[in-house]
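**Student:** Just remember that the numbering used here sits 1 ahead of the position in the sequence shown, which is counted from 1.
The hints are simulated quantities; they were obtained by calculation from the structure and are not laboratory data.
Since the structure is predicted, the reported quantities are computational estimates derived from the model, not experimental observations.
Worth double-checking, as some hints may not be accurate.
Derived DEER-like restraints, expressed as beta-carbon distance ranges [to be verified]:
{"#": "1", "residue 1": "Gln223", "residue 2": "Ser79", "range": "43 to 49 angstroms"}
{"#": "2", "residue 1": "Ser332", "residue 2": "Pro81", "range": "54 to 60 angstroms"}
{"#": "3", "residue 1": "Gly146", "residue 2": "Ala208", "range": "17 to 23 angstroms"}
{"#": "4", "residue 1": "Leu292", "residue 2": "Val226", "range": "43 to 49 angstroms"}
{"#": "5", "residue 1": "Pro81", "residue 2": "Asp202", "range": "51 to 57 angstroms"}
Derived SDA-like pairs: lysine to any residue, alpha-carbon spacing no greater than 20 angstroms straight-line [what the hints assert, rightly or not]:
{"#": "6", "residue 1": "Lys62", "residue 2": "Ser104"}
{"#": "7", "residue 1": "Lys76", "residue 2": "Glu44"}
{"#": "8", "residue 1": "Lys76", "residue 2": "Phe314"}
Quick reminder that beta carbons are idealized off the backbone N, C-alpha and C, glycines included.
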Amino acid sequence: MLRFQRYSIIAALFLLTALAQVDRAFAAISVKITYPLPNSRLEPCQSIKLQAEVQGDSPVKDVTFFYYPNRLIRKVGSEPWQYEWKNVKSGWYQFSARARDASDNEFWSETVSVLVGDVTKGEILLNRGFDCETYAPWNFGIQGGVKATAYVMNDAYFDDSTYFYLDIEEGTSTNWYIQFSQRTGLFAGHTYEVRFIADADEDKPIAFNWQENGNDWTVHWQTDVIITDPLEYGPFIFECTEDDPTAEFKFLLAGNNIDFWLDSVSIIDLNATAVEQEDQVSKTVDAFTLLPCFPNPFNMETSFQYQLFRSSFVQLVIFDMRGRAVKHLLSQIEGEGLHTVHWDGRTDDGAILPSGLYLYQLSAGTQQSQSAKLLLIK
2 MLRFQRYSII
12 AALFLLTALA
22 QVDRAFAAIS
32 VKITYPLPNS
42 RLEPCQSIKL
52 QAEVQGDSPV
62 KDVTFFYYPN
72 RLIRKVGSEP
82 WQYEWKNVKS
92 GWYQFSARAR
102 DASDNEFWSE
112 TVSVLVGDVT
122 KGEILLNRGF
132 DCETYAPWNF
142 GIQGGVKATA
152 YVMNDAYFDD
162 STYFYLDIEE
172 GTSTNWYIQF
182 SQRTGLFAGH
192 TYEVRFIADA
202 DEDKPIAFNW
212 QENGNDWTVH
222 WQTDVIITDP
232 LEYGPFIFEC
242 TEDDPTAEFK
252 FLLAGNNIDF
262 WLDSVSIIDL
272 NATAVEQEDQ
282 VSKTVDAFTL
292 LPCFPNPFNM
302 ETSFQYQLFR
312 SSFVQLVIFD
322 MRGRAVKHLL
332 SQIEGEGLHT
342 VHWDGRTDDG
352 AILPSGLYLY
362 QLSAGTQQSQ
372 SAKLLLIK
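The whole structure should be built from the sequences, with the hints applied where relevant.
**Tutor:** As structure tokens, then:
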């Protein structure tokens with residue numbers, strides 16, 4: 002009996018020491034964007050210095066800058082943790098920075114919201130007015146024998162100096178043979194408002210839609226309109242019912258031989274503006290809650306649940322007691338609501354993990370991560 006008690010005490014001390022080591026390992030680094038400043042407004046077509054401050058006891062492997070939704074700008078491999086991003090187009094940017102330690106553990110900054118150019122919060126398009134003498138990051142594509150050329154003009158045809166001009170030499174009756182598109186992503190439960198200014202040589206039927214990236218046949222929503230005069234067209238309202246983080250917004254323009262002018266394209270995520278207003282009232286509301294996994298302890302099968310209060314890029318990772326990532330369960334954009342993820346006790350390589358104590362860590366968006374322990378018993 003005394004021997005059993007002695008072993009129990011030793012095991013308990015070992016467990017407490019291990020838990021303390023895990024807690025220290027996952028609170029070693031903090032990262033903060035120090036420039037640009039939150040809620041600042043900057044000029045388009047200029048350079049923006051992205052700068053992060055990293056503090057902690059662990060060596061930092063690299064810092065990567067992103068803008069929402071999780072689009073990479075630049076990875077920086079040494080101090081100072083900064084990067085000069087050149088020729089930045091107009092748009093509503095939500096910057097974040099991710100620091101990694103030598104074990105590839107990730108630590109995220111809070112989001113910094115910045116307006117570039119004459120845009121409003123909630124605008125999901127970049128370069129809506131075709132600034133900086135380019136239409137990038139819009140993409141222009143033709144097929145099916147169509148002959149057409151896209152230009153960015155600078156002669157103030159519309160209300161500002163620059164606009165998009167499509168010169169069609171040989172068109173076709175198939176409208177999607179000319180596509181002008183930009184990736185925006187879509188979130189279930191969100192409402193999107195579309196407006197644009199356009200003109201044509203004569204009455205020109207066009208279509209615009211959201212499609213699944215890389216699949217012209219999967220259309221989330223489409224509207225047809227006839228361009229008659231140099232007017233603002235819209236608002237057109239789309240209530241999204243499914244998540245598609247890489248969805249593309251497209252103009253389909255090849256249904257005829259009529260030239261086309263376009264400017265001031267605006268897509269507002271009305272839910273994003275509502276969230277922004279809520280954030281101004283209260284900065285203390287978390288973007289997510291991690292619930293206890295069940296069962297715990299478990300024997301090769303357990304489930305994780307978490308509640309998202311807004312659509313976010315979510316990562317769920319399992320770590321061993323030495324801080325090594327052994328299983329990446331989730332790395333994708335999820336809509337708001339309650340979510341469940343199942344795990345079979347295997348690593349990324351399919352190997353069965355030994356019995357022992359593990360840590361599961363959830364991060365959503367650029368909020369601080371939440372973590373808890375679980376015990377595998379076989």
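**Student:** All the hints need checking, so say for each whether the structure fits it.
**Tutor:** Verification of the supplied hints:
1. The supplied range of 43 to 49 angstroms is met by Gln223 and Ser79, whose beta-carbon atoms lie about 48 angstroms from each other.
2. At roughly 28 angstroms, the beta carbons of Ser332 and Pro81 sit outside the given window of 54 to 60 angstroms.
3. As the Cβ distance of Gly146 to Ala208 is approximately 20 angstroms, the hint placing it in 17 to 23 angstroms holds.
4. For the pair Leu292 and Val226, the beta carbons lie near 46 angstroms from each other, so the given range of 43 to 49 angstroms is met.
5. For the pair Pro81 and Asp202, the supplied restraint of 51 to 57 angstroms holds, since their beta-carbon distance comes to about 53 angstroms.
6. Under the criterion of a C-alpha separation no larger than 20 angstroms, the hint pairing Lys62 with Ser104 is consistent with the structure, at around 9 angstroms.
7. Simply put, Lys76 and Glu44 have alpha-carbon atoms about 24 angstroms apart, too far for the 20 angstroms limit, and the pair is violated.
8. For the hint pairing Lys76 with Phe314, the CA-to-CA distance comes to about 19 angstroms; that is within 20 angstroms, so the pair holds.
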